[in-house]
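Visitor: For the record, the sequence lines run as chains A and B. Under my numbering, the first residue of the first sequence carries the number 11, and numbering increases by one thereafter. Under my numbering, the first residue of the second sequence carries the number 11, and numbering increases by one thereafter.
Please note: incorrect hints may appear among the correct ones.
Heads up, the list lumps identical chains together, so a pair's fine if it works in one copy or across two of them.
No farther apart than 25 Å at their CA atoms in a straight line, the calculated lysine to any residue pairs in the SDA-like style are these [as the list claims (entries may be wrong)]:
{"hint": "1", "residue 1": "Lys12", "residue 2": "Glu163"}
{"hint": "2", "residue 1": "Lys50", "residue 2": "Pro103"}
{"hint": "3", "residue 1": "Lys12", "residue 2": "Asp118"}
{"hint": "4", "residue 1": "Lys210", "residue 2": "Val179"}
{"hint": "5", "residue 1": "Lys12", "residue 2": "Thr72"}
{"hint": "6", "residue 1": "Lys80", "residue 2": "Lys210"}
{"hint": "7", "residue 1": "Lys155", "residue 2": "Thr46"}
{"hint": "8", "residue 1": "Lys155", "residue 2": "Gly123"}
{"hint": "9", "residue 1": "Lys210", "residue 2": "Glu145"}
{"hint": "10", "residue 1": "Lys12", "residue 2": "Ile140"}
{"hint": "11", "residue 1": "Lys12", "residue 2": "Gly211"}
{"hint": "12", "residue 1": "Lys210", "residue 2": "Ala117"}
{"hint": "13", "residue 1": "Lys155", "residue 2": "Gly92"}
{"hint": "14", "residue 1": "Lys155", "residue 2": "Val126"}
{"hint": "15", "residue 1": "Lys50", "residue 2": "Glu143"}
{"hint": "16", "residue 1": "Lys155", "residue 2": "Arg129"}
{"hint": "17", "residue 1": "Lys210", "residue 2": "Arg180"}
{"hint": "18", "residue 1": "Lys210", "residue 2": "Gly108"}
{"hint": "19", "residue 1": "Lys12", "residue 2": "Gly127"}
{"hint": "20", "residue 1": "Lys80", "residue 2": "Leu207"}
{"hint": "21", "residue 1": "Lys12", "residue 2": "Arg142"}
{"hint": "22", "residue 1": "Lys50", "residue 2": "Ala157"}
{"hint": "23", "residue 1": "Lys210", "residue 2": "Ala112"}
{"hint": "24", "residue 1": "Lys50", "residue 2": "Ala71"}
{"hint": "25", "residue 1": "Lys210", "residue 2": "Ile140"}
{"hint": "26", "residue 1": "Lys12", "residue 2": "Phe203"}
{"hint": "27", "residue 1": "Lys12", "residue 2": "Ser195"}
In short, the hints are calculated from the structure, not lab data.
Protein chains: 2
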Amino acid sequence: MKRLTLYLREVERRLSQGESRVSSRQLGQGLGVTDTQIRKDLSWFGQFGQAGVGYAIEDLATRLRQILGKDRTWKTALVGAGRLGQAIMSYGPFAREGFEIAAVFDADPSLIGTEVGGRRIRRLDELDQIVREREIMLGIISVPKEAAQSTAERLIEAGVLGILNFAPVRLEVADRASVVSVDFSARLEQLAFQVSLGLKGSIDGDD
Amino acid sequence: MKRLTLYLREVERRLSQGESRVSSRQLGQGLGVTDTQIRKDLSWFGQFGQAGVGYAIEDLATRLRQILGKDRTWKTALVGAGRLGQAIMSYGPFAREGFEIAAVFDADPSLIGTEVGGRRIRRLDELDQIVREREIMLGIISVPKEAAQSTAERLIEAGVLGILNFAPVRLEVADRASVVSVDFSARLEQLAFQVSLGLKGSIDGDD
Chain A
11 MKRLTLYLRE VERRLSQGES RVSSRQLGQG LGVTDTQIRK DLSWFGQFGQ
61 AGVGYAIEDL ATRLRQILGK DRTWKTALVG AGRLGQAIMS YGPFAREGFE
111 IAAVFDADPS LIGTEVGGRR IRRLDELDQI VREREIMLGI ISVPKEAAQS
161 TAERLIEAGV LGILNFAPVR LEVADRASVV SVDFSARLEQ LAFQVSLGLK
211 GSIDGDD
Chain B
11 MKRLTLYLRE VERRLSQGES RVSSRQLGQG LGVTDTQIRK DLSWFGQFGQ
61 AGVGYAIEDL ATRLRQILGK DRTWKTALVG AGRLGQAIMS YGPFAREGFE
111 IAAVFDADPS LIGTEVGGRR IRRLDELDQI VREREIMLGI ISVPKEAAQS
161 TAERLIEAGV LGILNFAPVR LEVADRASVV SVDFSARLEQ LAFQVSLGLK
211 GSIDGDD
């Protein structure tokens, strides 16, 4: 996925310069990737590009955006409007990257109906209806760990296809949805490991 | 690192059952790892274990805990006591995993001197002294992205060896410290990618 993101960035740069075709060799130059690797990566997603002619840049950009899910705005439901949920709501880059927090839910009666960051907190029992009506595809779980699994079930029942899970617990979803977890402890353990080994430098833990 | 964590868990299980020696073959059984892989992984960290005799379990456990940084409590300074910082402070698993938030700092005068989760919020200009006095080794950055780089500089100057960075910006630390970033956007992009491809199941984005 990291390489595909790199390819898209390079393809968009070339597109903005008015180029119309690019070979895998040209694409690889400057990215530090061999043309063989590029052809292999792209062939995973079907046939595009022709030997000797290269890729039509505009088609390639469109296809890469589709593959990476960057061809749309992803409507997202946030469940759990406590401190972490509020921090997530105010996280700037989401909107820029094509994500919209379309609804926010919480179980705490004292929060329901209040506005946080311009968003009204809704009752959990409205979740199903709102997720369906607004065609929300993704869920973000920032509830206490005891409530995480039942929240996941609820989101999946309502039609959500993917869950970003901040609760420190492994969600069991079988093949009903896709889950990515953000585990603060695991990151801190990774850091302690690196410091123990004397490793230096900026390592993107999330790559 | 993931495999080393698995090895440690298995070694500790055997230790608790009173076992004193284990071969790489025995260790690999049930973990789904070949004995060759285990010997290779462990050889990275120097010579331990003898061909035909296996590993002394207690030594192996001690060594794995050292390598993984699990042989001590890591004192940590948290900088940025806003919503995200408060969520991090109240994140349960840190203490269990050997991390102690030993001091909390913020630049906001209205927060300084107040207590959040039983911890007093301190002025940024106390950071240097407190990090040195308490021998704090790690920093957690949960400040706005504009302040992240200067916060990192300050922590490193004070003697911190590793930084867990929650700000959506890449820190430039060269070889002065180890940095692990928690990038919420990158996780959400990963999720969108998986959903676009129709991938299902729980994938630990952080592994």
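Visitor: Against each hint, give a clear statement of whether it holds in the structure.
Guide: Going down the list of hints, with the structure as the test:
1. Taking the shortest Cα distances, Lys12 and Glu163 never come within 25 Å of each other, neither inside one copy (30 Å) nor across copies (28 Å).
2. When the C-alpha separation of Lys50 and Pro103 is checked against a cutoff of 25 Å, the pair qualifies neither within a copy, at 31 Å, nor between copies, at 41 Å.
3. Within a single copy, Lys12 and Asp118 get their C-alpha atoms no closer than 39 Å, and across copies no closer than 37 Å, so neither meets the 25 Å cut-off.
4. For the identical chains of this complex, Lys210 and Val179 are inter-copy neighbours only, at 18 Å across copies versus 30 Å inside a copy, given an alpha-carbon limit of 25 Å.
5. Within a single copy, Lys12 and Thr72 get their C-alpha atoms as close as 17 Å, which meets the 25 Å cut-off; across copies the closest is 36 Å, which misses it.
6. For the homomeric pair Lys80 and Lys210, the shortest alpha-carbon distance between copies (19 Å) is at most 25 Å, but the shortest distance inside one copy (33 Å) is not.
7. Neither within a single protomer nor between protomers do Lys155 and Thr46 lie at most 25 Å apart by alpha-carbon distance, with minima of 45 Å and 38 Å respectively.
8. Taking the shortest Cα distances, Lys155 and Gly123 sit within 25 Å of each other inside one copy (24 Å), while across copies they are farther apart (30 Å).
9. Taking the shortest Cα distances, Lys210 and Glu145 sit within 25 Å of each other only across copies (19 Å), while inside one copy they are farther apart (45 Å).
10. For the identical chains of this complex, Lys12 and Ile140 are neighbours neither inside a copy (33 Å) nor across copies (39 Å), given an alpha-carbon limit of 25 Å.
11. Taking the shortest alpha-carbon separations for Lys12 and Gly211, both the intra-copy value of 19 Å and the inter-copy value of 20 Å come in at or below 25 Å.
12. In this assembly of identical chains, Lys210 and Ala117 lie within 25 Å of each other by CA distance neither inside one copy nor across copies; the values are 43 Å within and 27 Å between.
13. When the C-alpha separation of Lys155 and Gly92 is checked against a cutoff of 25 Å, the pair qualifies both within a copy, at 13 Å, and between copies, at 22 Å.
14. Proximity of Lys155 to Val126 under the C-alpha cut-off of 25 Å is found in both arrangements, the shortest distances being 22 Å within a copy and 21 Å between copies.
15. In this assembly of identical chains, Lys50 and Glu143 lie within 25 Å of each other by CA distance neither inside one copy nor across copies; the values are 40 Å within and 54 Å between.
16. Taking identical chains as interchangeable, the C-alpha atoms of Lys155 and Arg129 lie at most 25 Å apart whether they share a chain (24 Å) or sit on different chains (23 Å).
17. Proximity of Lys210 and Arg180 under a CA criterion of 25 Å is satisfied inter-copy only: 14 Å between copies versus 30 Å inside one chain copy.
18. Only between protomers do Lys210 and Gly108 lie at most 25 Å apart by alpha-carbon distance; the minimum there is 21 Å, versus 33 Å within a single protomer.
19. In this assembly of identical chains, Lys12 and Gly127 lie within 25 Å of each other by CA distance neither inside one copy nor across copies; the values are 32 Å within and 38 Å between.
20. In this assembly of identical chains, Lys80 and Leu207 lie within 25 Å of each other by CA distance solely across copies; the values are 12 Å between and 38 Å within a copy.
21. For a Cα distance limit of 25 Å, the shortest separation of Lys12 from Arg142 qualifies neither inside one copy, at 32 Å, nor across copies, at 38 Å.
22. With identical chains, the CA atoms of Lys50 and Ala157 are never at most 25 Å apart, being 42 Å at best within one copy and 41 Å at best between copies.
23. With identical chains, the CA atoms of Lys210 and Ala112 are at most 25 Å apart between copies only, with a shortest distance of 23 Å across copies and 40 Å within one.
24. Taking identical chains as interchangeable, the C-alpha atoms of Lys50 and Ala71 lie at most 25 Å apart only when both belong to the same chain, with a minimum of 17 Å there against 42 Å between chains.
25. With identical chains, the CA atoms of Lys210 and Ile140 are at most 25 Å apart between copies only, with a shortest distance of 23 Å across copies and 47 Å within one.
26. When the C-alpha separation of Lys12 and Phe203 is checked against a cutoff of 25 Å, the pair qualifies both within a copy, at 24 Å, and between copies, at 11 Å.
27. Within a single copy, Lys12 and Ser195 get their C-alpha atoms as close as 23 Å, and across copies as close as 13 Å, so both meet the 25 Å cut-off.
Violated hints, listed in ascending order, are 1, 2, 3, 7, 10, 12, 15, 19, 21, 22; each of the other numbered hints is respected by the structure.
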